[in-house]
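Chemist: Spelled out, the chains give:
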Amino acid sequence: MIALSTFASEAPTSLVQAGGWFLEKAWIIPALPAISFVLILFFGKRMKYKGAELGILSIAVAFILAICCAGQWIDQVNNAGDHSESQQQEHGEDHEALVKGTQMGDSNEIEMAAGEDYLAFGSTGEDESHGSVGIQPVVEKFTWWESGGRTFQVGIMVDGLTVMMLFVVTAISLLVHIYSTDYVSGDRRYTHYFAFLSLFSSSMLFFVLSENVLQAIVGWELVGVCSFALIGHWWEEKPNSDAALKAFLTNRVGDMGLLVGMIILFWAAGSWSIIDINNAAIGHEIGHSTLLIAALCLTAAVMSKSGQFILHTWLPDAMAGPTPVSALIHAATMVVAGIYMVARLYGVFFEGYNIAGSSFNILALVGSVTLVGAGLLAFVQDDIKKVLAYSTVSQLGYMVMALGVGAWTAAVFHLFTHAFFKAGLFLGAGSVSHAVHSFDMKKSMGGMRKFMPTTFKTFVICTIALMGLPPLAGFWSKDEILVGTGGWGLFGGTGGNGSYVFALVMGIIGAGLTCAYMTRVVYLTFFGEFRGDTHGHGEPHESGKRITIPLIILATMAVLTGFLNLPLGFLTGDAAGWQERFGHYVEPVATYFPLISHGAPSWSLAIFSTIVALIGVTAAGGYFFVKVKAQSPAATELANGLTSKSRVAKAGHTLLKKNYYLDHLYTDIIANGTKGPVANAANWTNQKGIDEAVNQVGKQTTRAATFVYEKIDQNIVDGVVNLSGRASEGLGETTRTVMQRGKIHQYAAIMFAATIIFAGLLIVFV
Amino acid sequence: MYLVQFLLLSSVLFCIGIYGVLARKNGVMVLMSIELILNAVNINFVAFGTMTNNIAGEVFALFVIAIAAAEVGVGLAIVLLIFRNKRSIDLSTIDSMKG
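Line by line, the protein sequences are chains X and Z.
Per our numbering, residue 822 is the first one in the first sequence, and the count goes up by one each step.
Per our numbering, residue 326 is the first one in the second sequence, and the count goes up by one each step.
Hints are computed from structural coordinates only; laboratory data are not their basis.
Where is the CB? At the ideal position from N, CA and C, for every residue including glycine.
All clues stand as given, with none of them false.
Straight-line Cα separation of at most 30 Å, DSBU-like style, residue types lysine-lysine; simulated pairs:
hint : chain 1 : residue 1 : chain 2 : residue 2
1    : Z       : K411      : Z       : K350
2    : Z       : K411      : X       : K1564
3    : X       : K1520     : X       : K1278
4    : X       : K1207     : X       : K1263
5    : X       : K1059     : X       : K1532
6    : Z       : K350      : X       : K1564
Simulated coverage check for chain Z against chain X, where a stretch passes if three residues somewhere in it have a Cβ under 8 Å from a Cβ of chain X:
hint : stretch
7    : 337 to 348
8    : 409 to 421
Based on the provided sequences and hints, a complete structural model is requested.
Modeler: Listed below in structure tokens is the structure:
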């Protein structure tokens, strides 16, 4: 604790137990969709709307309850700040430890009192912005079974992080439910689809609320099963069922890591409880190497579930499922289970990787490699959903990297904002594909902005949020992550927990890449001429209300959510109270959370990353517009029309516009036959300098991305996966032909021989 | 007590049993060999039980006899069915379950 105390500005004066009806009864939230799952399964087909109404109803009620939980939690935090003593409530009926006052001193004084589930200890330091009062989460639990002196419990643990996730999961699930009633209407397994949406929501909420890691494993596996079932929703087509299997089996690899890691933690901490494990890790009751091994095992689980390099291959394939499922499961909620797990057991990772004060660890490395690698891969995809899938992988890389560098709040905040705009992007892509019956941007899309204005607008808003351009949501969360790396310290800013320069560099490169590939997507989908074929259905048209309204809501969230966590020092005077609200309410101030320090926001970094983002937009935009121009006069005409008319060009792409006018000027000069030295010089500059640079950037990026995709992703990464498959197949084949020949006598001989060998070993060694 | 003699007897029986299981092709003979193995174990149980004055040895032997009876019943039924289907109880021909 002495080393840690250097981070703490102030010790808490007291610890307050949070309470309240909605928080204590939060188990109702996952229970509702679970009930709805069973009911839809048995009675869904006989209902008027085939079970969809039940699913929507249950998730809507869960959503309202989640909002009530959030309100109550915020209330608790506010009250705790005001009157720490008066808020202490008795919880006599369960055996929660109610901790009053402060136990000053070092961690050696910790005693695990019998019957108490957790215990406050030591000096919980925190930042000035968080007041000086710690808040204990609401824990409600009962004993599931006892065996061999060990108690296995089931229960809920509610704190700010949980409440945030409850809100995100129920909100997006509700929107996806509504969207799906249109999107999959008339599907042959409509009822089955809604049943699984309910089961998924239920298991994700169960996972989020879990009080101990055993329960978390159950929830983790349940969401995996739902993901499998929904990816393979149209299992009649072979690629879909293959994709489902691939997702499931790739996840198994990481699940092994999860199991091993959790079991190590159980034996090290002597308890399954998340709070106990975190306390033990932070209090240095567990040896450092044990923690490191456990953290590495859990990192493997994160790599599979949250699609990190090298186990990310399942996530793009998972796009074989229906689009709303991609939005809900493979972009916004399930894939962040890994992030959530790290955030929940942050004590283990923080201490195990020694995040504070170091400048390198596996978690940050995995995250940053994923973030750039997946960003490059997104360039060469023609399937709009695959681009978004790689984009998701890349953004998850941001979150993992942020957790790896100690920027806990930034990671969780990015999870929060990303959920909304990425769900918006996926649903938008689904809306487009609903109109053109295809996902191929190059063959079936183009010029969609004329046909689908609402989809276009919401898609562009979500895209800008994803690009991280101010003032939309992605900017605030991405910027916070970049600040959290602490690498900017080299240039005059102040850092967070260590100086992770490589993470900062990768983060900025990733920001540029994100902008470039998203510009490409928007260009290919919404601009240019319509290249598709509607098979005689006339022109594509805007989707119905049940599709567009969720899109509008998500786009609104993509604009607004960023303001929840304005950086410190951004506002002054009375408005200063609105800074860092998200961090204030979500980040736990309690003993089970490590003492992380927060980097100070830096204007120069924010401006620099925005400039990089704009360069990304310009380079990709320039590349596409120049290329189109060179190819056909008609396309040039269209591009002309685009820059002078489109609202996007006015709103966000001013630089792009300027670049284009330069080019326009140049063509006019050539067309007029002016061949003076100025024109020649301008021509040369334009051709060799600007155009060439833009072209080269585009070409090289495409080449690099193609190389990464074809050679590294397809050959090496997939090759390793295939090799492991082939190796086990070969082993099985050998075993089958040599050992399993159906000769009973041979079996008996092997059995006796083995018995004799083991008996011999027993005699010799025991 | 002549414990060594009992142990020698039981190990000889056990070896004969194993030889029978491994070398015989006739299903009935294999079942009989298994009985020999079980009885070798029984002799050990009784011998050790008597030596240590512990009734548990005899009790276990009785259990083994009961289980062996059940097992041989099932085994013979299987052999009978195999004979009905294949007109032979040569175990080396029964390999349709191989991988």
